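Asks: Residue numbers (the numbering used here), protein chains in the order written: chain A, 1 to 260; chain B, 1 to 303.
Hints are not guaranteed to be accurate.
Claimed, not checked - Interface residues of chain A toward chain B, partial, derived using beta-carbon atoms under 7 Å:
1) Asn-5
2) Ala-10
3) Lys-12
4) Ser-20
5) Glu-109
6) Lys-111
7) Thr-112
8) Ala-115
9) Leu-117
10) Arg-122
11) Ser-124
12) Thr-253
13) Lys-256
What the hints assert, rightly or not - Here are the simulated lysine to aspartate or glutamate pairs, EDC-like style, with alpha carbons at most 16 Å apart:
14) B:Lys-28 <-> B:Glu-180
15) B:Lys-54 <-> A:Asp-257
16) B:Lys-222 <-> B:Glu-180
17) A:Lys-111 <-> B:Asp-82
18) A:Lys-123 <-> B:Asp-82
19) A:Lys-123 <-> A:Glu-201
20) B:Lys-192 <-> B:Glu-291
21) A:Lys-108 <-> B:Asp-88
22) A:Lys-123 <-> B:Asp-71
23) B:Lys-261 <-> B:Asp-227
These are calculated hints, taken from the structure and not from any lab test. Note that the structure is a prediction, hence the values are computed from the model and not measured. The beta-carbon is built from N, C-alpha and C at its ideal position, and this holds for glycine as well.
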Amino acid sequence: MDFRNAWAIAVKDMREVFSSVSIYGPMLAVPLFFAIVLPVLTFYVTIYAAPSVISRISSLPSAPPILQGANAATFMRYFAINVLGPIFLTMPILTSSVISADSFAGEKERKTAEALLATPVRKSELLLGKIMASFIPTIILTIAVFAIYGAVTNTFAMGSFHEYILPTAAWLMMILASPFLAIVTIGIVVLVSSHVRGVKESQQISTLIILPVLIMPFVSILGLASLTVAFFAYVILLLAVMALALFYVSVRTFRKDRML
Amino acid sequence: MRESVLLKGVSKRFGKVAALDGVDLKLKRGMSIILGANGAGKSTLLRCIDGLYKVDTGTVRVDGIDPYDNDEIHRKLALLSDNYALYDYLSVRDNLKFFGRLYGLNDSEIIERASSVLKELDAYNYMDSKVFELSRGTKQKVAFCRATINNPSIILLDEPTAFLDANASERIRKYLLRKEREGATILFVTQKIDEVTRFNSRIFVIKKGRIVAGTDSASLYKSMLKDSYINVRLARQISSSRLSRITGLESTNGRNTTYIKVRISSSKDINLVIRELLDAGAEIAGIDYTEPLIEKMSLDGER
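In isolation and in its complexed conformation, chain B is listed as follows:
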């Protein structure tokens, strides 16, 4: 099967800053995720794939076509950037009609598709509101609807859940998983490890404009838990003295605590801490971890 997206030796500079530095990437159908810190080159990479930037060196091919020189490829491409890119003084309906018409859709098709996505994202009630009247999260939902109005087969997303609440984020994920099942190629860039691990996808890590590792969720957990912390929330107060034997205990939020912070070095430590907590009579309400800085993480096979 031919790659949907192929990048060979792609470099892009802005003045003295090398945003991308010799990127090689092959994407086939399904979901792939690019994980990188702020300024690592994630957004520039998406813009090069979408043909918005002319690369300095290297080649970009989307379904075998150079996207910079061929506007027609955009009929099957979607780009949701990190800003919502909607016209503030137009209504949601007029924004969607405008973009839909540029894809050659008629107004009834546009409204039908937009209604379906906006209902799915719980934003249909804002159809006739002006964009400047909307909250940031609702703008993000409308922008997602705008980006996917052409029913794309290749979807490029830059932090699509950045401003969304947990419920809306989950709806976006469900939409993407459905598109993945339908055979779309999805490239999702983010700086949140938590977001990455919600998908069982190929993961590429980008640092300083270079793809430094190709990995998966299991390897990512292994790397991120090497020297990390977990935060455990307890359903009811427990005396701190009963928790003194917990391995790696860093801090609690009082003498009678409902929250503890524990240092760990692997997933085994998490399981150990849970057992120790249960043995101490604690009732666990939730566990999360403090995400390490991506640029400081050392990944297996990092180039």
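Only chain A is shown next, with the shape it has when bound in the complex:
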């Protein structure tokens, strides 16, 4: 495999995505907006409604022990990680699915795949290039979003509680899980893209991947699972195995004519 070919494909795809603000604008604006707004909302919930929210969650049969008799600072720490964290974990899924669907199904839809496949590029180079084209912007955006969300949360926490809430080990593990989530999402989109006609159908798959992530806050509040370092370590391990399996299956099953 010639890495230069894979890199040429990745650079070309990234240049296409970032060639027009109408393409990348909405993709960047929404996560950045939420990175600011959600921590601000969390702060106001903490200040004005923490006692009543804590008492309601605590009344659940399997309520998380950390919330028993918790103060506002503990509540904000809990909320920032267990509720906001999983919401921000959807960013690598959404971003990578949008770019990768465009990257693969887009070549088919815009009829550019034929010229690309007529070059001596190998399928492993093509797949790696396309994966990098989705992965690199996704990871940059995800780290930026987590950094903004952490900074906004800490700014409010320092002002009101005179302490920094983030980072915690679990929060850092959550960030560490993001690249694996992105890779698995891209792998699934790649597999789906070769069987669908266009970008829209390909993007639909992301909604299926987001669902388990969006369940995580509820699972945490109900006390069914705790979003701890160990939890994320298992998640990362599972995602890593899935990512490897998906890349292997993608290379094995990829057929040039399905991109036409």
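Got chain A; can you put chain B on it based on the hints?
Replies: Just chain B, lined up with the frame of chain A:
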């Protein structure tokens, strides 16, 4: 000399449609043309030769190699398809650099080769334009440049002059004739008989996914002129009454006419009509013919 391209019993289906049905074809160096109507299987044939499609049955060999399983063969192959296949939001320069790099060329080689072809096609001024800003004809020229950036020895072309003006079409033909002299194998598919007859090449006619005849320009003229029309343009007006004795006259464009349509059945009829027109005092500005439908043409030796 071994065949550059060899197809044996090649079939390719899309659902219930047989795009290719047992195609046998041998191509050596030089230019060959596949003539066929829309949907006859021309584009599918090129894609099978280029290794983009896996054939259902039969074998395809390009320089003795199966192009579907061996990507390296693309270093000497070029495919210009019926869509221009360029990235709209990238500039012409970036498109060409991207494709050139995939052939292992460095940027200075790419720009040197691209500049030469684009200058030849009168499209060099668009080097830094985004593709979506270009006209269809200019996109076609850039696509031609992209397809040939690797200086290929086997060139597959799908209607390469479809969107081009007469001048640009002529420049493409000159380029192809030069490549032919240099020893390249060129396969050109088209549905235009006029395009075919501009080259003195081997001609294969494809109908419903089958190669039904191998022919040449002379035989093709014979077949197409069996029951056809010519349109004669006159340099100055002439009274229709003076043309009434023209053999096979079908119509004129007025009492004092500059255009007539004549039914013919062979090339001899064309010569006869010209003589009759000259005798009637007409001054001929040009003659063209109405191309018959390929699928309705009956060719000598058609299988």
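Asks: Now look at each hint and say whether the structure bears it out.
Replies: Hint-by-hint comparison with the structure:
Interface hint at Asn-5 of chain A: satisfied, since its Cβ lies 6 Å from the closest Cβ of chain B, which is below the 7 Å cut-off. The interface hint given for Ala-10 of chain A is violated, since its Cβ lies 11 Å from the closest Cβ of chain B, which is over the 7 Å cut-off. Using the Cβ-Cβ criterion of 7 Å, the hint placing Lys-12 of chain A at the interface with chain B is satisfied: the shortest such distance is roughly 5 Å. Proximity of Ser-20 of chain A to chain B holds as hinted, the smallest CB-CB distance being about 6 Å (cut-off 7 Å).
Violation of the interface hint for Glu-109 of chain A is found here, the shortest Cβ-Cβ separation to chain B being roughly 12 Å, above the 7 Å cut-off. Of the supplied interface hints, the one on Lys-111 of chain A holds, with its beta-carbon coming within about 5 Å of a beta-carbon of chain B, less than 7 Å. This hint holds: Thr-112 of chain A has a C-beta 5 Å from the nearest C-beta of chain B, less than the 7 Å allowed. Hint status for Ala-115 of chain A relative to chain B: holds, with the closest Cβ pair at about 4 Å, below 7 Å.
Against a cut-off of 7 Å between C-beta atoms, the interface hint on Leu-117 of chain A holds, since the closest Cβ of chain B lies about 6 Å away. Residue-level restraint check for Arg-122 of chain A holds (minimum Cβ-Cβ distance to chain B is 5 Å; threshold 7 Å). Of the supplied interface hints, the one on Ser-124 of chain A is violated, with its beta-carbon coming no nearer than about 10 Å to a beta-carbon of chain B, more than 7 Å. The criterion of a C-beta within 7 Å of any C-beta in chain B is not met by Thr-253 of chain A, whose closest approach is roughly 13 Å, and the hint is violated.
The beta carbon of Lys-256 of chain A is positioned within 7 Å of a beta carbon in chain B (closest approach about 6 Å), and the interface hint is therefore held. With a C-alpha separation of about 11 Å, the suggested pair Lys-28 of chain B and Glu-180 of chain B falls inside the 16 Å cut-off, and the hint holds. Distance hint between Lys-54 of chain B and Asp-257 of chain A is fulfilled; the C-alpha atoms sit about 7 Å from each other, no more than 16 Å. Note on Lys-222 of chain B and Glu-180 of chain B: the hinted pairing is violated, with a Cα-Cα distance of about 26 Å set against a maximum of 16 Å.
A C-alpha spacing of about 10 Å is found between Lys-111 of chain A and Asp-82 of chain B, which places the hinted pair at or below 16 Å, so the restraint holds. For the hint pairing Lys-123 of chain A with Asp-82 of chain B, the CA-to-CA distance comes to about 24 Å; that exceeds 16 Å, so the pair is violated. Restraint check for Lys-123 of chain A and Glu-201 of chain A: the C-alpha separation of about 23 Å exceeds 16 Å, so the hint is violated. Restraint check: the Cα-Cα separation between Lys-192 of chain B and Glu-291 of chain B comes to about 8 Å, which is no more than 16 Å; the hinted pair holds.
With a C-alpha separation of about 14 Å, the suggested pair Lys-108 of chain A and Asp-88 of chain B falls inside the 16 Å cut-off, and the hint holds. A distance of roughly 9 Å separates the Cα atoms of Lys-123 of chain A and Asp-71 of chain B; the hinted pair therefore holds under the 16 Å criterion. Between Lys-261 of chain B and Asp-227 of chain B the CA atoms are separated by roughly 13 Å; this keeps the pair inside 16 Å, and the hint holds.
Checked against the numbered hints given earlier, the structure breaks hints 2, 5, 11, 12, 16, 18 and 19 and satisfies all the rest.
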